[in-house]
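Chemist: Single-letter residue listing:
There are 4 protein chains.
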Amino acid sequence: MIVEMKTGASQGEVDDVVQKARSQGLGVQLNKGTDKTVVALLGSNTGQLSTDIFAVLPGVESVTRIMKPYKLASREVKSQDTLVSCSGVEVGAERIVIMAGPCAVESKEQLMEVGAAVKKAGASVLRGGAFKPRTSPFSFQGLQKAGLELLAQAREQIGIPVVTEVVDPHDVELVSGYADILQIGSRNMQNYALLTNVGKSRSPVVLKRGFACTITEWLTAADYLLAEGNDQVILCERGIRTFEDSVRFSLDISAIPVLKRSSHLPVIVDPSHAAGYYSLVPAIAKAAVAAGADGLLIEVHPNPKEALVDGLQSLTPSDFTRLMEELRTIAKSVGRYI
Amino acid sequence: MIVEMKTGASQGEVDDVVQKARSQGLGVQLNKGTDKTVVALLGSNTGQLSTDIFAVLPGVESVTRIMKPYKLASREVKSQDTLVSCSGVEVGAERIVIMAGPCAVESKEQLMEVGAAVKKAGASVLRGGAFKPRTSPFSFQGLQKAGLELLAQAREQIGIPVVTEVVDPHDVELVSGYADILQIGSRNMQNYALLTNVGKSRSPVVLKRGFACTITEWLTAADYLLAEGNDQVILCERGIRTFEDSVRFSLDISAIPVLKRSSHLPVIVDPSHAAGYYSLVPAIAKAAVAAGADGLLIEVHPNPKEALVDGLQSLTPSDFTRLMEELRTIAKSVGRYI
Amino acid sequence: MIVEMKTGASQGEVDDVVQKARSQGLGVQLNKGTDKTVVALLGSNTGQLSTDIFAVLPGVESVTRIMKPYKLASREVKSQDTLVSCSGVEVGAERIVIMAGPCAVESKEQLMEVGAAVKKAGASVLRGGAFKPRTSPFSFQGLQKAGLELLAQAREQIGIPVVTEVVDPHDVELVSGYADILQIGSRNMQNYALLTNVGKSRSPVVLKRGFACTITEWLTAADYLLAEGNDQVILCERGIRTFEDSVRFSLDISAIPVLKRSSHLPVIVDPSHAAGYYSLVPAIAKAAVAAGADGLLIEVHPNPKEALVDGLQSLTPSDFTRLMEELRTIAKSVGRYI
Amino acid sequence: MIVEMKTGASQGEVDDVVQKARSQGLGVQLNKGTDKTVVALLGSNTGQLSTDIFAVLPGVESVTRIMKPYKLASREVKSQDTLVSCSGVEVGAERIVIMAGPCAVESKEQLMEVGAAVKKAGASVLRGGAFKPRTSPFSFQGLQKAGLELLAQAREQIGIPVVTEVVDPHDVELVSGYADILQIGSRNMQNYALLTNVGKSRSPVVLKRGFACTITEWLTAADYLLAEGNDQVILCERGIRTFEDSVRFSLDISAIPVLKRSSHLPVIVDPSHAAGYYSLVPAIAKAAVAAGADGLLIEVHPNPKEALVDGLQSLTPSDFTRLMEELRTIAKSVGRYI
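Protein chains in written order, with our numbering: chain A, 1 to 338; chain D, 1 to 338; chain B, 1 to 338; chain Y, 1 to 338.
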């Protein structure tokens, strides 16, 4: 942490900074420049320390953090890639993992039809929402517990693991009983009560990026899960909020190489929620694989015209099958397979 | 809702749109332009209807919503201003309501000292956090239940109502037992489980704007509370995420006149979390009052240098007292008082 | 264009809208809904008409544009892809065009060395800046005319076309005399004096996206060039400004499929300025090719450590050569070649 | 400037950083932490030095700038407020300066009518655009030279100074011949050819903030003007681009106190372009004065319904007169006058 004093700060003000630092167990090195004094604070935990406790002192101009505020999710703490194991499917290995299925579980017929179709096309995980966080209270809120039961049936019948979202901290145990992988949605990335409870479970978890959160904040949220002992964390980039209005969210493609450099956790991409429009999904999905994503989360619906939720961004099974062919050649060209 | 067909869309494609609209109980008016057909869909509930169900149909170029997706929070549904009554303090009336206090309740001494000071300076509500949502799992998380008890003591001893944040949907009843006003934080504005439970309570509630949510999304979140029967809703602008990095968040000053035009709910402003820096707080607070805010939520700490949370953005009691003097003259100049 | 009247708007207010529309030569269709009247305005030029002239009338709630404000750049006006021919190199065809070279022309040795290296690795156009728009007046501003002369020498000696930026509207003729392709930089995308003059020239032009401009605004800027008669326009996505601070700009990968849908102009991508950091460039470059880009603009410097401008985002010739190998396999996997 | 080495960086890599720094004339202080080495670079010009020249060296993790990249516009270089003198009107003094008039000069009648009206209501400068940068090539582009002549007539007849925009670097002398104050528009804030030429003139200049530029970038653009010797610079906040879509741009109210803290230049606010809608203008204007703005730039049109440009955001003369009354009481409440 670097504390820049104001031009003309008094010796007493510098001393106060030094004393505060020492009281926190930090090492101190003074740099007296021509115009101003700069104090370097040294220690292994400065990333977790608030910059405010120094910025608030008189005579301080600014405080700059050098260490990142996250720790357990960082590559500095763990240099090897983490592999997340989901009922037999490994995320973060050479194989790129495709999770596909409907936005919302609507009925047994719908789920079984799409589940069979995506598995046949090469998906290794079935996705489907039972609890649906909706922006409007007047929209369909999901089948809830009945949806979980359908997911469990689908897993058994079709033979692939399932991933579904948990929205209430008190439902973690319930949802873990039915699903192989828990999903924390974008709007809940900083729901700390939920993060803490999911961290206490041992289920693999897909942590979606908050749509207006920086990568640093995202990895700090991952630290909540890791700090509770759950190291089975998959990061999912799903688009960020920008001024561009031709898509629902702007997919942050550079998040993939940035995360690969700064974290050991596997990274998947959800092109469907970012685009918000089915015809844009294939280009974004291909880009994500080319950029190094470890997997994709794609919405597929047997009949998008009749979907209760997000039909516009869902692929049909035949579109999905065609996309899978293209993704296979891209995967191969970056030394991986699907 | 306006459905624009693609240039060259077939008659059958137009018919499908018309039929879908009629099946939803909507009126239909066809506009055949020189280049393309535009279909207007008419009905009183088109704001709550998903645009996707039309956008997904073949031959459709775009679908534009005319009605807003929120309803109960809108001035079209209720034209008179809502007054929120908080244990004797009215928000939304001629008097501008100042809520002040520490970010986090740290101890009895701290809370009583600052509570007495802000009341003396003219604040009518005491704020203080017991449950603290923190970006890092390694930061101080609040005194929790012990903090609530201190707040209840402060209310009794100092004689002003208290506002505090609730973060877990299952704590709504607990927190309501201690506090006069519940606060839903920015990171929870779209936590629908929490919104639903707070909506079921009858406590007045401060709904902070999600830091990356539009005003439309914010009012749609307010609809969750109103739809459950809680009409004691105060909106709180607290800054939005932008590219500007000299402040923590950019206060959206134009949100005040926009909300006054489109909603009947009272609006307050939190300059402390927006600025993130104490010396910027007074200018923003004064601007908010001049722009028509019904109240302010300001952080005050007896000794910001020792604050466990957000010391940098807290005013000292003496700075707060001076600011209150300035705010009184501004309030008077816009025909109100404090 | 759709004009939504306020609830309770009078007949006279509706009549005024209708009359205004007719005075502009527009067709009118009235839609009287249960709550409010909606007026559809029909005509082939409503995209170029200001919405304000209706929004300002009494009784009007909102005005929504259905037609896009750009015209000549749109696929509706020209459905076939435009091929831009640059001294023998075609942009927009099956071959993906790689433009590479240093950010700034620094010396003859530097330019010849990197020019030969990028050509050998497969680049078909040499890039290099002679006029450098710099955020600080104290930074190196480019070799200017001497830089143009070096570029012309490099073109002759190495045998590939060159692209360079023009920043002053009065330099268009000068720069056209030396370069095969003009570049309009991100900060000049809405410099209309410059757009008009480049539009009057017949040189192919790379129009970079303004870093905070929507795709609609970008295509409207392209209309300035096209309206003056220059149809040799290449669009270049180079990252947009967002809240994310781990990169210089966030590359908008979905701009590629969005542009392919709405415009006939070829699209290239500049991963170097987006990332701002050399080690992120390859992932973004590969993603762009997978998503359908028609070309790339990449910074290469023989010795990034000594570069006068943007060394941090420049690849070395050997890194570039390795990247070209990877790009060739990706290009092949999407049915193209380099 | 602070250079953070990677964990495990070699002694040779640290030495290279030290040597590079010394070659730039910088002082160096080494901080060997428990995990990593941090090198502080000291000198009075580190703000103007590119961070890249260090970031590109092997073994470097990150480089953090402590000094700001701007210099001449900073309060550290000049602590007293700058007063800008515009043909008898001082900007930055106790009197708040109101500049008002039409977006575009349309005719002699229009300009004289609105000029007389705004002067009568208390404005001290008349604004009016002769060269109009328009997003669409099909929109009205201004009366150009004829508009300048009308402005000069209005100045003489009405007796107040005029401000107008210059868009082409080669028109600076021409426009200076007619106008008292030059305006550099938002889209030209980083048009360096224009900045340089305006910097060479001695006319007072209103430098509008680029709508997606940080305050740091804005002050660095001001340095271009100051470095050429023009110290008569007025900064104008006019709204920034955010995700919020209920206004054209989000006015950054906190820019006012931030600028007052970091720069000596006067600050005015343009509420009209930010809001984009006349009924929002008064609230934003009042907020700006309360927050400490030194002036306002407001659009007024005798008949907004017939305005050729931006009618929707223009006040009528009678609305403007009413607003001026309200602004006077706000000004008084912050110790100033109009």
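No wet-lab data here; the hints were simulated from the structure. Beta carbons: idealized from backbone N, C-alpha and C, even for Gly. Hints may be right or wrong, so weigh each one.
[Unchecked claim] Pairs of lysine-lysine, DSS-like flavour, derived with a Cα cap of 30 Å:
(1) K305/Y - K305/B
(2) K305/D - K200/A
(3) K305/Y - K20/B
(4) K305/D - K32/A
[As the list claims (entries may be wrong)] Partial list, computed: chain Y residues near chain A (C-beta under 7 Å):
(5) T7
(6) L42
(7) T64
(8) I66
(9) E156
[To be verified] Derived Cβ-Cβ restraints for the label pairs, each shown as a range:
(10) L83/B - S10/Y: 34 to 44 Å
(11) Q19/A - T321/Y: 33 to 43 Å
(12) Q157/D - N45/Y: 31 to 41 Å
(13) K108/D - N45/A: 55 to 65 Å
Chemist: At a threshold of 7 Å, is the proposed contact between I66/Y and chain A supported by beta-carbon distances?
Modeler: 5 Å, holds
Chemist: Has the hinted range 33 to 43 Å been met by the Cβ atoms of Q19/A and T321/Y?
Modeler: 59 Å, violated
Chemist: K305/D and K32/A were given as a pair; does the straight-line alpha-carbon distance stay at or below 30 Å?
Modeler: 24 Å, holds
Chemist: Verify the interface restraint on E156/Y: the C-beta must sit less than 7 Å from at least one C-beta of chain A.
Modeler: Not OK, violated: E156/Y not within 7 Å of chain A, min 43 Å.
Chemist: Between K108/D and N45/A, is the Cβ distance one that fits in 55 to 65 Å?
Modeler: Violated, since K108/D and N45/A (Cβ atoms, about 30 Å apart) do not stay within the stated range.
Chemist: Hey, K305/Y versus K20/B, does the alpha-carbon distance stay inside 30 Å?
Modeler: 10 Å, holds
Chemist: Once the shortest beta carbon distance from T7/Y to chain A is found, is it less than 7 Å?
Modeler: 6 Å, holds
Chemist: The hint says 31 to 41 Å between Q157/D and N45/Y; measuring C-beta to C-beta, is that right?
Modeler: For N45/Y against Q157/D, whose Cβ atoms are near 57 Å apart, the range 31 to 41 Å is violated.
Chemist: Taking the Cβ atom of L83/B and the Cβ atom of S10/Y, is their distance within the range 34 to 44 Å?
Modeler: Given about 51 Å between the Cβ atoms, the range is violated.
Chemist: Sort out whether K200/A lies within 30 Å of K305/D, counting only the CA atoms.
Modeler: 35 Å, violated
Chemist: Using Cβ atoms only, decide whether T64/Y comes closer than 7 Å to chain A, and label the hint accordingly.
Modeler: 5 Å, holds
Chemist: Does K305/B lie within 30 Å of K305/Y when you go C-alpha to C-alpha?
Modeler: 59 Å, violated
Figure legend: structure checked against the earlier numbered hints; hints not met, in rising order: 1, 2, 9, 10, 11, 12, 13.
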